[in-house]
Amino acid sequence: MLKKAFLVFLFLNLNTVGVITPSWSDSSSPLLAAYYDRQMAIVKGITYAWRGNDTPKPIEHTAIQVGVGDDSNYILSTDGILIRFDNDNFAKPRILRKDILRFAAGDSGVLAIDNGHRLLWVGAGTRRANLIAKNVHAAAVGDSANYYITKSGDLFVKGKAHRGQYGDGRLVSTDHFVRTATSVGYITAHTGHAILLKGNGDVFGTGGNIYGPVGKHGIGDKAVRWSKIVGNATAIATGSSHTVAILKDSKLVAWGSEYGTDPKPIMNNVVAVAAGSNATIALKTDGSLWQWDRGERPRKVLPN
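Per the numbering used here, the sequence shown starts with residue 697, numbered consecutively.
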C-alpha cells in the first residue's frame, strides 16, 4: 500500500494544473514533513524521523502520511489511524482518531479530515476532537492562523490577522473562519504567512514578509492580500522564512531568505518537498531523499 500511495501522489503532483489536490500543511506530499528543526519522511516504504542535519533514523511504525509539530511527531497508519508521538518517544504511540483520510499538523495541534470529509481539530497535548467544518478537502495549520479548503475550492481562514494572514486586507482577527479565496487546490502556512496554489498552477502568498517567503509583495514587512508569486506550479511548501515550489517540468524553485524574492532554480526531477526553519527536504523521481539548508547545495541523505 505504501508503494501505491507514492505512485498516486506522483501522478497527482505531475498533473496538478487544473486539478484540485490534497494539502499536507508543511509539505507538498504525505511522504514528507518539516517544522522548524524537526523532519519526517517515508522513503521506499520506511518511515524516518530526525532533527536538523542529523542522519534520518527509521522508526518501527508503518505510515502513509507523516507530520510534525514543535514537540510532537504524527503518522497516519495504513488503516486510517492518526497517531501522535510526544518528545521523540516513538515507543509510546498515542492514538488520536480513527477513520482519518489525511491531516495537517503544526505547533498548536492537528487538523484532521475524516473519511466523511469532516474537519476535526485536536489541540496539542490533547486527544479531544472538535468538529470545525464539513465537506472539507484540505487544511493547513500555521503558527498564527489555520486554513481549510472546501471540496468546491473555497479557502477559509481563522486566527491572527496582524501580519495579513487572511489575505483579504483585514488586520483584525475573527472568532470564526472567513472565506478569503476561491478555486484553491493547495494551502501551506508557517510563521505569520501562507502560500496557496490555484487549480491553474498560479502560486499566491500573503502575510509576514520580512525575509521574502511571500515574494516581492510587501517585502520587508507584510503583504495583506493574496498576491501572485509564480505560475506553472504543481506543488508548494513553505518554511519560517522561505518558500519552495515544484514546477510543471518537475523543477524545484525557492525564494525568501538566502534566495531573494524571485524564484531561484534548485534542482530537477523533484516529486515532493517540505520546508522547515532552515532546512528543506525533497524526494526525487528515483526515490532518493535530499536535504539542504537555505542557500546551500542539496545533499543526498537517503539511501546512504
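Please note that a few of the clues may not be correct.
[What the hints assert, rightly or not] Simulated pairs of lysine-lysine, DSBU-like, Cα-Cα distance not exceeding 35 angstroms:
id: 1; residue 1: 924; residue 2: 753
id: 2; residue 1: 856; residue 2: 830
id: 3; residue 1: 830; residue 2: 960
id: 4; residue 1: 980; residue 2: 912
id: 5; residue 1: 847; residue 2: 924
id: 6; residue 1: 740; residue 2: 794
id: 7; residue 1: 918; residue 2: 788
id: 8; residue 1: 794; residue 2: 856
id: 9; residue 1: 740; residue 2: 996
id: 10; residue 1: 912; residue 2: 788
id: 11; residue 1: 740; residue 2: 947
id: 12; residue 1: 794; residue 2: 912
id: 13; residue 1: 980; residue 2: 740
id: 14; residue 1: 753; residue 2: 794
id: 15; residue 1: 856; residue 2: 740
id: 16; residue 1: 912; residue 2: 960
id: 17; residue 1: 830; residue 2: 854
id: 18; residue 1: 794; residue 2: 830
id: 19; residue 1: 912; residue 2: 924
id: 20; residue 1: 788; residue 2: 856
It is worth saying that the hints were derived from the structure and are not from the lab.
Quick rundown of the hints versus the structure:
Among the hinted pairs, residue 924 with residue 753 is inconsistent with the structure: their alpha-carbon atoms are about 38 angstroms apart, more than 35 angstroms. Restraint check: the Cα-Cα separation between residue 856 and residue 830 comes to about 23 angstroms, which is no more than 35 angstroms; the hinted pair holds. For a cut-off of 35 angstroms, the pair hint linking residue 830 to residue 960 is broken: about 38 angstroms separates their Cα positions. Annotation: proposed proximity of residue 980 to residue 912 holds, straight-line Cα distance about 29 angstroms (limit 35 angstroms).
Restraint check for residue 847 and residue 924: satisfied, since their Cα atoms lie roughly 23 angstroms apart, inside the 35 angstroms limit. The suggested pairing of residue 740 with residue 794 holds, with an alpha-carbon distance near 25 angstroms, which does not exceed 35 angstroms. About 41 angstroms separates the Cα atoms of residue 918 and residue 788, which puts this hinted pair outside 35 angstroms; it is violated. For the proposed pair residue 794 and residue 856, the alpha carbon gap of about 30 angstroms is at most 35 angstroms, so the pair holds.
For the hint pairing residue 740 with residue 996, the CA-to-CA distance comes to about 15 angstroms; that is within 35 angstroms, so the pair holds. Restraint check for residue 912 and residue 788: the C-alpha separation of about 45 angstroms exceeds 35 angstroms, so the hint is violated. Only pairs whose Cα atoms come within 35 angstroms are accepted, and residue 740 paired with residue 947 is accepted, the gap being roughly 22 angstroms. For the hint linking residue 794 to residue 912, the alpha-carbon distance of about 42 angstroms lies beyond 35 angstroms, and the restraint is violated.
Taking the CA atoms of residue 980 and residue 740, the gap is near 12 angstroms; set against the 35 angstroms cutoff, the hint holds. Annotation: proposed proximity of residue 753 to residue 794 holds, straight-line Cα distance about 26 angstroms (limit 35 angstroms). Of the supplied pair hints, the one linking residue 856 and residue 740 is violated, its CA atoms being roughly 39 angstroms apart against a limit of 35 angstroms. Proximity of residue 912 to residue 960 is assessed by CA-CA distance (about 13 angstroms); at most 35 angstroms being required, the pair is judged to hold.
At most 35 angstroms may separate the alpha-carbon atoms for a hinted pair to count; residue 830 and residue 854 meet this at roughly 16 angstroms. Distance check on the hinted pair: residue 794 and residue 830 sit about 17 angstroms apart at the alpha-carbon level, within 35 angstroms; holds. For the proposed pair residue 912 and residue 924, the alpha carbon gap of about 9 angstroms is at most 35 angstroms, so the pair holds. For the suggested pair residue 788 and residue 856, the alpha carbons sit about 34 angstroms apart, so the restraint of at most 35 angstroms is met.
Hints 1, 3, 7, 10, 12 and 15 from the list above are not met by this structure, while the remaining hints are.
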